[in-house]
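Protein chains in written order, with my numbering: chain A, 109 to 707; chain B, 6 to 205.
Keep in mind the hints are simulated off the structure, nothing from the lab. Note that beta-carbon positions come from the ideal geometry of N, C-alpha and C, so glycine has one too. Errors might be hidden in some of the hints.
[Unchecked claim] Computed footprint of chain B on chain A; a stretch qualifies when at least three of its residues, placed anywhere within it, have a C-beta under 8 angstroms from a C-beta of chain B:
1. 277–284
2. 452–463
[Unchecked claim] Straight-line Cα separation of at most 20 angstroms, DMTMM-like style, residue types lysine to aspartate or glutamate; simulated pairs:
3. A:Lys677 x B:Asp77
4. A:Lys610 x B:Asp122
5. B:Lys118 x A:Glu487
6. A:Lys440 x B:Asp77
7. B:Lys95 x A:Glu356
8. A:Lys648 x A:Asp596
9. B:Lys130 x A:Asp399
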Amino acid sequence: MDKTLQLLSGNEALALGAYHAGVQVASAYPGTPSTEILENLSRFKDIYAEWSTNEKVAMELGMGAAYTGARAMVSMKHVGLNVASDPFMAASITGIVGGLVVITADDPQIHSSQNEQDNRHYARLAKVPMLEPSDSQDVYDLMGRAFDISEKFDTPVLVRTTTRIAHSKSVVDAKRSRKVKNPQPAFLFNKRKYVMLPVYALPRHAEVEKRMERLADYCETFPMNKIFWNGKKIGVVTSGVAYQYAREVFPQASFLKLGMTWPLPQKMIKDFAAQVERLIVIEELDPFLQDNIKSMGIEVSGKEFIPLVGELNTRIVTESSAGAGLLPESEKGDFITPADGLARRPPLLCPGCPHTGIYFTLNSIGQRSKLLESDKPQEPKLIITGDIGCYTLGAYPPLNVLDTTACMGAGIGQALGMEKAGVKSKIVAVIGDSTFMHSGITGLVDAVYNEGHITILILDNRTTAMTGHQEHPGTGISAQGNETYAVDIESLCRGIGVKDVKVVNAFDLKALRAGLRDSLGREEVSVIIVRGACAMQVRKREHPRKVDVEKCNQCGICLKLGCPAIQSKDGQVFIEPTLCAGDICTICEQLCPQKAISP
Amino acid sequence: MKMKKMDILITGVGGQGVVLASDIIGEAALAAGFDVKKTDTLGMAQRGGSVVSHVRLAERVWSPLIKEGEVDLLLAFEKLEAARWSHYLKKNAVAIINSYEQPPLSVSLGQEKYLTDDEIVAALKRRTDKIYLIDGNKKAQELGNVRTVNIFMLGCFAAFAPLEIDVWKNTISARLPERLREINLKAFEMGRKEIEGVRI
Numbered sequence: 109m110d111k112t113l114q115l116l117s118g119n120e121a122l123a124l125g126a127y128h129a130g131v132q133v134a135s136a137y138p139g140t141p142s143t144e145i146l147e148n149l150s151r152f153k154d155i156y157a158e159w160s161t162n163e164k165v166a167m168e169l170g171m172g173a174a175y176t177g178a179r180a181m182v183s184m185k186h187v188g189l190n191v192a193s194d195p196f197m198a199a200s201i202t203g204i205v206g207g208l209v210v211i212t213a214d215d216p217q218i219h220s221s222q223n224e225q226d227n228r229h230y231a232r233l234a235k236v237p238m239l240e241p242s243d244s245q246d247v248y249d250l251m252g253r254a255f256d257i258s259e260k261f262d263t264p265v266l267v268r269t270t271t272r273i274a275h276s277k278s279v280v281d282a283k284r285s286r287k288v289k290n291p292q293p294a295f296l297f298n299k300r301k302y303v304m305l306p307v308y309a310l311p312r313h314a315e316v317e318k319r320m321e322r323l324a325d326y327c328e329t330f331p332m333n334k335i336f337w338n339g340k341k342i343g344v345v346t347s348g349v350a351y352q353y354a355r356e357v358f359p360q361a362s363f364l365k366l367g368m369t370w371p372l373p374q375k376m377i378k379d380f381a382a383q384v385e386r387l388i389v390i391e392e393l394d395p396f397l398q399d400n401i402k403s404m405g406i407e408v409s410g411k412e413f414i415p416l417v418g419e420l421n422t423r424i425v426t427e428s429s430a431g432a433g434l435l436p437e438s439e440k441g442d443f444i445t446p447a448d449g450l451a452r453r454p455p456l457l458c459p460g461c462p463h464t465g466i467y468f469t470l471n472s473i474g475q476r477s478k479l480l481e482s483d484k485p486q487e488p489k490l491i492i493t494g495d496i497g498c499y500t501l502g503a504y505p506p507l508n509v510l511d512t513t514a515c516m517g518a519g520i521g522q523a524l525g526m527e528k529a530g531v532k533s534k535i536v537a538v539i540g541d542s543t544f545m546h547s548g549i550t551g552l553v554d555a556v557y558n559e560g561h562i563t564i565l566i567l568d569n570r571t572t573a574m575t576g577h578q579e580h581p582g583t584g585i586s587a588q589g590n591e592t593y594a595v596d597i598e599s600l601c602r603g604i605g606v607k608d609v610k611v612v613n614a615f616d617l618k619a620l621r622a623g624l625r626d627s628l629g630r631e632e633v634s635v636i637i638v639r640g641a642c643a644m645q646v647r648k649r650e651h652p653r654k655v656d657v658e659k660c661n662q663c664g665i666c667l668k669l670g671c672p673a674i675q676s677k678d679g680q681v682f683i684e685p686t687l688c689a690g691d692i693c694t695i696c697e698q699l700c701p702q703k704a705i706s707p
Numbered sequence: 006m007k008m009k010k011m012d013i014l015i016t017g018v019g020g021q022g023v024v025l026a027s028d029i030i031g032e033a034a035l036a037a038g039f040d041v042k043k044t045d046t047l048g049m050a051q052r053g054g055s056v057v058s059h060v061r062l063a064e065r066v067w068s069p070l071i072k073e074g075e076v077d078l079l080l081a082f083e084k085l086e087a088a089r090w091s092h093y094l095k096k097n098a099v100a101i102i103n104s105y106e107q108p109p110l111s112v113s114l115g116q117e118k119y120l121t122d123d124e125i126v127a128a129l130k131r132r133t134d135k136i137y138l139i140d141g142n143k144k145a146q147e148l149g150n151v152r153t154v155n156i157f158m159l160g161c162f163a164a165f166a167p168l169e170i171d172v173w174k175n176t177i178s179a180r181l182p183e184r185l186r187e188i189n190l191k192a193f194e195m196g197r198k199e200i201e202g203v204r205i
């Protein structure tokens, strides 16, 4: 075996590729499927890596670093680029000095997101070059080129991956070693480049257009835009992971594999199209390549048979291509249906989760279970606007406690909007600690300033749990593991002007109920910080609870907690000892009316 | 010599060590000279949901996802999760199944039913008779740590894999912290013995 070969995920290969390319400053906010990029980079102690408060700040940090001639990288999930789009557009017009590479990790199929937007459109919108890798080796190799392109053309470079690239492992030959191009960065005064007053900004726009012309020439010879000649009946233009599916489904076809998908190599595509009988594009999500190729006056098809929705796979590409007459029907494959009667197994809040107690309390006070019983739309007794994190899972039965989930930080503004519209019900906004730091603070400022009467629950588990426990400004630990200042949420809320701020133990059912009742009775903005450590970060799991079958009357209320450790078989409730979190939780013990649960 | 291709699907419930098991298969296969791709469909599965991992070994692998109906070997750490992916099996594939049962919440709440053993076997028999039902959790508990069930199941799988036993053991040792090495190597050996006992 070749000793240099490693099995790396796309995110691992990206971090290593950037490190070898001499990245000096890296910033990110956690988001699936991008999180592991910064996690891997933060282990290198000879670079600066941080978890930023949100993607906008991360992008601004990258800009600042790049202005000094350092190489900088900013990574985020697709919707993170929405948050960071303002500085991203600004970085495009000012340009950079040191290489600035922006990673967008898109999530076709919505494995863990709120939408499946296709961020390739951002490259066109921002007028920046975009690179798209097809596997981990591609990721590593492209990162070696991304910083060079950025510096050569004075532009941020967008690298677009998808979940299937970021989270798949494949073999990587990491040939390069780390080289730092500019070890002593310095910022040089140049207001025509960095101060975007109208008088300077308009000439910069002209520069951007010239840059795109030069890039359009450059991409014609970009080495990772490659043609693989085979049969000439079908020519496939493709990029990203779609290349892998297409290559497997069309072993006889010729391929134009694009490593740079903005701008597009018009001459190369025209030459390729001229030599094949039929030109098709195989791409995930929007017809980005197809529409742009069409606009070159080239006859091409793709989205007429390849789905717009969801991620692709070889079955989908095979069936849709056979349907379009591109493959014989006999090659469709031998498929059977999934088995019947499979009970669903959606993700749940963990045993010992600090969200379970407050969610049960919300369910009970808000009579939320009744909402599921009625066929007619009805206004909840208690409206609960949600946010993004583990606690979004509370939307599932049996807890059923969320009425909305849109985007990071949205719940507070939505709650205030409903109040100002004049709804009669009480309104609660639920937000996690990391999400509150990310974009909840400005919503809270708005609610105080505009005299809202909403209750805000900050579920403070002292980590960014959903993405795998990253640090954030409230935890007191940096991305690289150093002790640092911890922003105190309670003081922050008081400083904004919230008069009623309570801190309640997440594992005390009585205190949660009393606190919530008090807040709902107030005619002012009220904040309850529900504090309890994430169960996955607590190692000590002692005294799993047991059900005393003599005392248990099978009322089933403990099952309404939705705790995975509490199960029922043949009519008897039991607690699975290998799953129960024990002493740290005890919510079910506090709840049981028969006192049938004990250590 | 042309290398034998193998497409392996590993399924289970969040927390059972599916991803570590598929990492070990991938790394062992790379050490043995295969091209390898593996991909985990996790979603938010850290929270007790279904987990499935695709591992593909061949001279050259393109798609990281295995095509439906093309799985050579199914390794299921929970029996309902075996049935859930039965339509991925190709004809006469091998299915190695941990008979452990973890009822989903909807089953505990009485809203849905857990398939019977007969129903699970029937779902798999649509594709294959080579079904091995093994009580992996019991064996792992005998060893003193139920979390070794994933490595025990790898031991069962090793009988069918085109990889030398030493490659397996080296990869397992390299991947686990020292304090867990010995018990997991024992679990691997137990798995190898167990499958010999029931192999058709």
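Hints, one by one, checked against the model:
As drawn, the region 277–284 of chain A meets chain B at 3 residues by the rule of a beta-carbon pair under 8 angstroms; at three or more, the given contact holds. Only residues whose C-beta sits within less than 8 angstroms of a C-beta in chain B count toward coverage, and the region 452–463 of chain A has 7 of them, enough to reach three; the restraint holds. For the given pair, lysine 677 of chain A sits about 34 angstroms from aspartate 77 of chain B by alpha-carbon distance, which is inconsistent with the 20 angstroms threshold. Using a Cα cut-off of 20 angstroms, the hinted pair lysine 610 of chain A and aspartate 122 of chain B is violated, with the two alpha carbons roughly 51 angstroms apart.
Of the pairs offered as hints, the one joining lysine 118 of chain B and glutamate 487 of chain A is violated, with about 32 angstroms between alpha carbons and a cut-off of 20 angstroms exceeded. As the CA atoms of lysine 440 of chain A and aspartate 77 of chain B are separated by approximately 19 angstroms, the hinted pair is consistent with the 20 angstroms bound. With a CA separation close to 17 angstroms, the supplied pair lysine 95 of chain B and glutamate 356 of chain A stays within the 20 angstroms bound. Distance hint between lysine 648 of chain A and aspartate 596 of chain A is unfulfilled; the C-alpha atoms sit about 26 angstroms from each other, more than 20 angstroms.
Restraint check for lysine 130 of chain B and aspartate 399 of chain A: the C-alpha separation of about 46 angstroms exceeds 20 angstroms, so the hint is violated.
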